[in-house]
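> Listed below, chain by chain, are the residues.
2 protein chains.
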Amino acid sequence: MIRGLLSVLLVLVAVSSSLAKPEKNIAKRGKRIPQTLSRGWGDQLIWAQTYEEALYWARAQNKPLMVIFHLEDCPHSASMKKVFAEDKDIQKVADEDLIILNLVYETTDKHLSPDGQYVPRIIFVDPSMTVRADITGRYSNRMYAYEPSDIKLLLSNMQKAKKLLKTEL
Amino acid sequence: MIRGLLSVLLVLVAVSSSLAKPEKNIAKRGKRIPQTLSRGWGDQLIWAQTYEEALYWARAQNKPLMVIFHLEDCPHSASMKKVFAEDKDIQKVADEDLIILNLVYETTDKHLSPDGQYVPRIIFVDPSMTVRADITGRYSNRMYAYEPSDIKLLLSNMQKAKKLLKTEL
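For the record, the sequence lines run as chains P and G.
Just so we're aligned, residue 259 is where the first sequence starts under this note's numbering, counting upward by one.
Just so we're aligned, residue 259 is where the second sequence starts under this note's numbering, counting upward by one.
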């Protein structure tokens with residue numbers, strides 16, 4: 259047996275525990291609806307499963323990545339999800355111009371939480387693998403949070419992310 | 259902007275490129291079928307989305323984790339998936355006794371590829387976060403590979419994984 263997984267995973271598990279919810283313990287009666295990668299944020303969009311996969315796509319296709327952190331039982335996440343899924347412009351840009359990922363667990367990359375781990379939180383990553391900490395919402399205490407009334411700002415931020423950074427490399 | 263994501267991610271992207279397939283480039287005609295987390299390995303099972311999430315569940319529920327690495331366009335993966343999804347005993351143990359994750363991209367944890375990155379490959383992880391490199395299939399050159407005819411061996415390995423390791427801690 260190989261012992262000692264990356265210690266970073268241990269840290270992560272500690273961090274994740276504040277977010278986690280034992281979905282495995284749902285009642286096992288009746289037929290379950292298969293879980294989707296979209297989780298309701300746009301069933302017609304192509305979602306990356308993991309951050310690693312999303313970063314690969316961002317580089318391979320030279321498109322910015324949008325990471326949506328949310329929780330299934332958070333009312334703010336739910337209301338944001340509803341307007342996101344129903345807004346045709348948002349869905350079109352997400353489909354055509356961005357690599358998209360929605361996560362209910364945090365990753366090990368601390369750059370994805372520039373001002374903390376809260377939900378809903380939307381972070382853009384340039385295909386140069388630079389987190390776009392400059393693309394923010396309206397709230398100075400939670401700079402990457404959006405409310406339903408901020409949907410036009412989010413759309414404008416999605417378009418801002420499309421203007422890729424020039425890399426020195 | 260925050261520069262310099264974890265260098266490990268750069269390594270990862272290099273590694274992933276050998277596995278990746280630009281699914282985003284699918285034809286955009288007609289209505290898409292929402293992507294599922296099961297990817298056909300058992301629509302009625304509860305799948306973890308990411309390795310981080312799966313490790314959290316394994317610890318929280320004190321259950322072993324089974325990670326299935328596969329590829330959508332690999333015929334060996336496809337034939338293994340079919341027997342896995344149709345075998346009632348396999349599905350029952352996966353549902354009741356294991357935390358399950360299927361991935362088409364590699365993770366950053368090298369312990370998940372004790373003898374290389376190939377598909378299909380099935381790795382068990384004890385809730386003590388120890389990779390069970392001792393739980394192997396029949397093939398000495400690809401110790402964690404399974405073929406459809408190995409389904410009973412896989413079931414027996416899933417049951418073996420349920421006997422948790424004693425940790426010294």
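Among these hints, one or two may not hold up.
It does not matter which identical chain is used: a pair holds within one copy or between any two.
[Stated by the list, open to error] Below, a list of computed lysine-lysine pairs in the DSS-like style, where the Cα atoms sit at most 27 Å apart:
1) 410 with 289
2) 346 with 368
3) 340 with 424
4) 424 with 289
5) 289 with 346
6) 340 with 410
7) 346 with 421
8) 421 with 289
9) 340 with 289
10) 410 with 350
11) 420 with 410
12) 410 with 321
13) 321 with 289
FYI, nobody ran anything at the bench for these hints, they're computed from the structure.
> At most 27 Å between alpha carbons: which applies to residue 321 and residue 289, within, between, both or neither?
Answer is between; shortest inter-copy Cα gap is 23 Å, intra-copy 38 Å.
> Within a copy, between copies, both or neither: which one fits residue 410 and residue 350 at a CA-CA cutoff of 27 Å?
within (14 Å within a copy, 46 Å between copies)
> Could you figure out if residue 421 and residue 289 sit no more than 27 Å apart (CA to CA) within one copy, between two copies, both or neither?
neither (45 Å within a copy, 29 Å between copies)
> Could you place residue 410 and residue 289 in one of the four classes (within, between, both, neither) given a Cα distance threshold of 27 Å?
between (38 Å within a copy, 26 Å between copies)
> Regarding residue 340 and residue 410, is the shortest C-alpha distance of 27 Å or less found within a copy, between copies, in both, or in neither?
The answer is within: 14 Å in one copy meets 27 Å, while 45 Å across copies does not.
> State whether the alpha carbon distance between residue 340 and residue 289 is at most 27 Å within one copy, between copies, both, or neither.
both (25 Å within a copy, 20 Å between copies)
> Cα distance capped at 27 Å. Does residue 410 pair with residue 321 within a copy, between copies, both, or neither?
within (21 Å within a copy, 44 Å between copies)
> At 27 Å max between alpha carbons, let me know whether residue 289 reaches residue 346 within a copy, between copies, both or neither.
between (32 Å within a copy, 15 Å between copies)
> Within, between, both or neither: how does the pair residue 346, residue 421 come out at a Cα-Cα threshold of 27 Å?
within (21 Å within a copy, 51 Å between copies)
> Go through the copies and call it for residue 420 and residue 410: within, between, both or neither, with a Cα cutoff of 27 Å.
Only inside one copy: residue 420 and residue 410 sit 16 Å apart there, 50 Å across copies, limit 27 Å.
> Cα distance capped at 27 Å. Does residue 424 pair with residue 289 within a copy, between copies, both, or neither?
Answer is neither; intra-copy 50 Å and inter-copy 36 Å both fail.
> For the identical chains here, do residue 340 and residue 424 meet the 27 Å Cα criterion within one copy, between copies, both, or neither?
neither (34 Å within a copy, 46 Å between copies)
In summary, the structure is inconsistent with hints 2, 3, 4, 8 from the numbered list given earlier, while agreeing with the others.
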